[in-house]
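S.K.: Sequence:
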Amino acid sequence: EIGSGLVGSEMCIRDRSYTMKNLLVTLFAFASLTYAHAAEKETIRISTDNTDLVLQVGENGRLYQTYLGEKLLHQQDLQNFRWNIHAGSDGSVSKRGWEVYSGSGNEDYFEPAIAITHNDGNPSTILYYVSSSSKPVEGGTETVINLRDNQYPVDVALHYVAYPKENIIKTWSEIKHQEKKPVVLSTYASTMLYFNNSSYYLTEFSSDWAKEAQMSSQQLQFGKKVIDTKLGSRAAMHTHPFFEVGLDQPVNEHQGDVLMGTLGWTGNFRFTFEVDNVGNLRVIPAINPYASNYELKPNEVFTTPEFIFTLSYDGASQGSRNLHEWARNYSLKDGKGSRLTLLNNWENTGFNFNQEILAELMKEAKHLGVDMFLLDDGWFANKYPRKDDHAGLGDWEVTHDKLPGGIPALVKAAKDADVKFGIWIEPEMVNPKSELFEKHPDWAIQLPNRETYYYRNQLVLDLSNPKVQDYVYGVVENIMQENPDVAFFKWDCNSPITNIYSAYLKDKQGLLYIDHVRGIYNVMKRVKANYPNVPMMLCSGGGARCDYEALKYFTEFWCSDNTDPVERLYIQWGFSQFFPVKAMDAHVTSWNKATSIKFRTDVASMCKLGFDIGLKELTADELTYCQTAVANWKRLQNAIMDGDQYRLVSPYEENHMALNYVSKDANKAVLFAYDIHPRFQEKLMAVKLQGLDPDKQYKVEEINLMPAATSRLEANGKIYSGDYLMKVGLNVFGFIHTQSHVVELTAQ
2 EIGSGLVGSE MCIRDRSYTM KNLLVTLFAF ASLTYAHAAE KETIRISTDN TDLVLQVGEN
62 GRLYQTYLGE KLLHQQDLQN FRWNIHAGSD GSVSKRGWEV YSGSGNEDYF EPAIAITHND
122 GNPSTILYYV SSSSKPVEGG TETVINLRDN QYPVDVALHY VAYPKENIIK TWSEIKHQEK
182 KPVVLSTYAS TMLYFNNSSY YLTEFSSDWA KEAQMSSQQL QFGKKVIDTK LGSRAAMHTH
242 PFFEVGLDQP VNEHQGDVLM GTLGWTGNFR FTFEVDNVGN LRVIPAINPY ASNYELKPNE
302 VFTTPEFIFT LSYDGASQGS RNLHEWARNY SLKDGKGSRL TLLNNWENTG FNFNQEILAE
362 LMKEAKHLGV DMFLLDDGWF ANKYPRKDDH AGLGDWEVTH DKLPGGIPAL VKAAKDADVK
422 FGIWIEPEMV NPKSELFEKH PDWAIQLPNR ETYYYRNQLV LDLSNPKVQD YVYGVVENIM
482 QENPDVAFFK WDCNSPITNI YSAYLKDKQG LLYIDHVRGI YNVMKRVKAN YPNVPMMLCS
542 GGGARCDYEA LKYFTEFWCS DNTDPVERLY IQWGFSQFFP VKAMDAHVTS WNKATSIKFR
602 TDVASMCKLG FDIGLKELTA DELTYCQTAV ANWKRLQNAI MDGDQYRLVS PYEENHMALN
662 YVSKDANKAV LFAYDIHPRF QEKLMAVKLQ GLDPDKQYKV EEINLMPAAT SRLEANGKIY
722 SGDYLMKVGL NVFGFIHTQS HVVELTAQ
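Residue numbers for the sequence shown follow my numbering, beginning at 2 and rising by one.
Where hints are given, some of them may not hold.
Stated by the list, open to error - As a list, the in silico DSSO-like pairs of lysine-lysine whose alpha-carbon atoms are at most 30 Å apart: (1) Lys212 x Lys334; (2) Lys440 x Lys529; (3) Lys367 x Lys594; (4) Lys553 x Lys635; (5) Lys337 x Lys594; (6) Lys231 x Lys594; (7) Lys468 x Lys334; (8) Lys684 x Lys719; (9) Lys689 x Lys665.
To be verified - Have a look at the derived ranges for each label pair, beta carbon to beta carbon: (10) Asn197 x Pro442: 52 to 62 Å; (11) Lys529 x Gly224: 54 to 64 Å; (12) His75 x Tyr532: 42 to 52 Å; (13) Glu296 x Asn197: 30 to 40 Å; (14) Lys529 x Ser339: 16 to 26 Å; (15) Ser218 x Lys416: 45 to 55 Å; (16) Lys72 x Pro137: 14 to 24 Å; (17) Ser651 x Val302: 37 to 47 Å; (18) Glu296 x Trp210: 49 to 59 Å; (19) Ser200 x Pro137: 31 to 41 Å; (20) Pro137 x Leu448: 46 to 56 Å.
No wet-lab data here; the hints were simulated from the structure. Glycine included, every Cβ here is placed at the ideal spot set by N, Cα and C.
Using the sequences and the hints given, assemble the complete structure.
M.R.: What follows is the structure in structure tokens.
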């Protein structure tokens with residue numbers, strides 16, 4: 002009937018193409034309304050063992066969040082929810098509500114999740130529920146919800162993966178369309194979450210070189226708070242892609258409700274926190290759309306980054322353990338495997354080394370007791386040899402006069418020393434002073450008709466270009482083909498994107514920021530597929546790359562170039578909110594020589610332990626201490642790397658810091674305690690451990706002691722119940738500046 006009515010109209014007789022267009026739109030709208038009617042009152046429950054996210058189709062056929070909080074005990078209680086709506090100022094009921102994927106141009110007055118400009122110039126998108134399905138995946142259940150615009154052929158699939166045991170929900174969206182020409186996406190969030198609480202307190206993680214993961218908090222008031230980055234490649238240099246929101250109170254370590262969320266995206270990101278006129282909060286994690294109006298072709302799928310979140314009802318410490326366990330099980334490369342201790346040469350030699358010097362350092366690595374020697378920057382390029390950071394990037398062949406035997410000779414020297422060999426690369430970058438740039442200047446991201454700005458004397462290669470992706474992958478491939486025994490890569494990225502322009506993309510510059518990151522992932526996927534057992538460190542001038550998408554391809558990341566142990570207490574405290582310590586690299590160096598080698602090593606031992614120091618700098622006692630500390634770390638790796646972490650005393654709140662790890666069977670625990678800068682005769686509190694079995698008896702033994710030193714701890718050598726240790730605690734703090742204690746607890 003619809004068809005015959007349209008065909009019979011006078012206008013349609015005059016313009017057959019116009020008739021067909023309207024026929025398709027009308028049929029599409031009719032189908033959408035049919036779906037909406039069929040879906041009326043449907044409820045979708047996404048659950049972990051501790052949390053429920055409840056979504057419901059409203060009477061208007063659109064999808065709304067009706068609940069997010071502690072898991073409900075009774076299924077029938079879901080019937081009591083009604084899709085959230087707002088009452089108008091005149092008392093009338095409007096259509097505005099907690100729409101799960103709110104579109105630009107609808108009746109909602111606040112920040113949308115998606116904005117599309119259609120072929121006819123219409124900038125609105127309104128999505129209606131079509132269907133949903135669930136299936137088991139590794140570790141949990143994936144729910145897919147299909148939405149569709151009722152006027153335009155635009156489809157959005159919302160994905161949710163719930164991990165019951167870890168209390169983690171991972172969510173992302175897929176956007177596609179069937180319009181005749183590309184549409185323009187100007188907003189494309191991963192999800193939207195809503196909260197109705199009395200108050201909201203945001204903890205964010207700001208950063209810069211050598212001061213990563215600095216925590217600060219503020220109360221969210223009416224309006225928007227936006228955390229974003231526009232740096233492109235070294236995207237997390239100034240702020241990190243994770244946050245915490247305290248619900249009804251500021252974020253507390255050990256009690257209270259807290260949302261902890263992180264975005265798996267190595268490029269520009271944006272978190273929007275908006276408190277509306279009635280005091281509700283919407284949280285929108287997304288790629289930052291800055292300079293990224295994305296032309297999406299018909300039937301092409303735009304996939305947003307994964308947003309991973311947990312709701313903890315026992316403070317941030319429990320939320321962290323949720324994330325740590327999830328990461329080790331499902332997201333971190335080789336998350337259940339062991340980690341290699343290492344000796345790096347950078348702080349010891351800088352660029353000034355040769356084959357003989359490196360061979361001697363490999364022997365030092367063996368003498369120290371670590372597993373591997375890692376060669377850092379300065380080993381490559383010949384026409385423009387890498388003597389400093391002004392030249393050589395892009396020319397990944399060994400400098401012949403420095404390393405005449407090439408990488409094969411270094412691998413052999415490492416074998417002779419009985420350690421593994423790893424190597425540093427920065428394959429996404431190029432120095433203008435390089436053979437690569439001379440051959441392919443169009444491969445670098447740089448503006449035409451402008452003076453070029455260089456950050457650290459280098460440019461970023463354009464990984465939106467498939468040829469550049471092949472080249473970057475080839476850096477790893479060529480090394481591994483010649484040297485299959487290379488055991489480790491440190492992959493660096495020292496520059497944000499400057500001079501934003503792609504010669505490859507030409508008139509589609511809105512694709513650059515996003516397609517560049519996707520190009521990076523393409524390379525990383527190839528490396529992992531072909532070399533799945535090679536550990537890799539993610540580095541970016543320190544900790545400017547720290548996201549769970551990149552960590553699918555890397556076993557660990559470098560937290561900071563700042564290895565001052567006092568500063569590291571804050572940096573590692575911040576990163577540990579979201580990452581297990583087996584993903585966090587920490588090295589003992591000469592930074593802050595005012596602190597003892599023991600203090601520096603104890604701080605690094607809380608994470609994946611490494612050294613970047615010359616053994617000749619150490620006294621005989623210091624060397625013996627380091628050898629003992631390495632052996633202890635290896636012996637306790639199961640508890641430290643794979644156990645549960647409990648942050649006990651925050652350096653942000655006290656002049657001291659403490660945390661402990663507990664093995665999964667609760668038979669082994671390790672306590673790290675630090676006096677940072679105690680005040681004169683301040684009151685010292687006992688440290689109450691967490692996570693122990695209250696019914697087990699634990700022997701307390703201080704380890705990592707200097708030769709000939711004995712423990713000053715009153716509890717050393719004694720046996721206490723787990724209950725006592727958690728309720729009464731141990732006296733491990735003192736008045737000496739930068740003093741540390743490492744305590745091993747063993748169930749009897």
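S.K.: Of the hints stated earlier, which fail here?
M.R.: 5, 6, 11, 18
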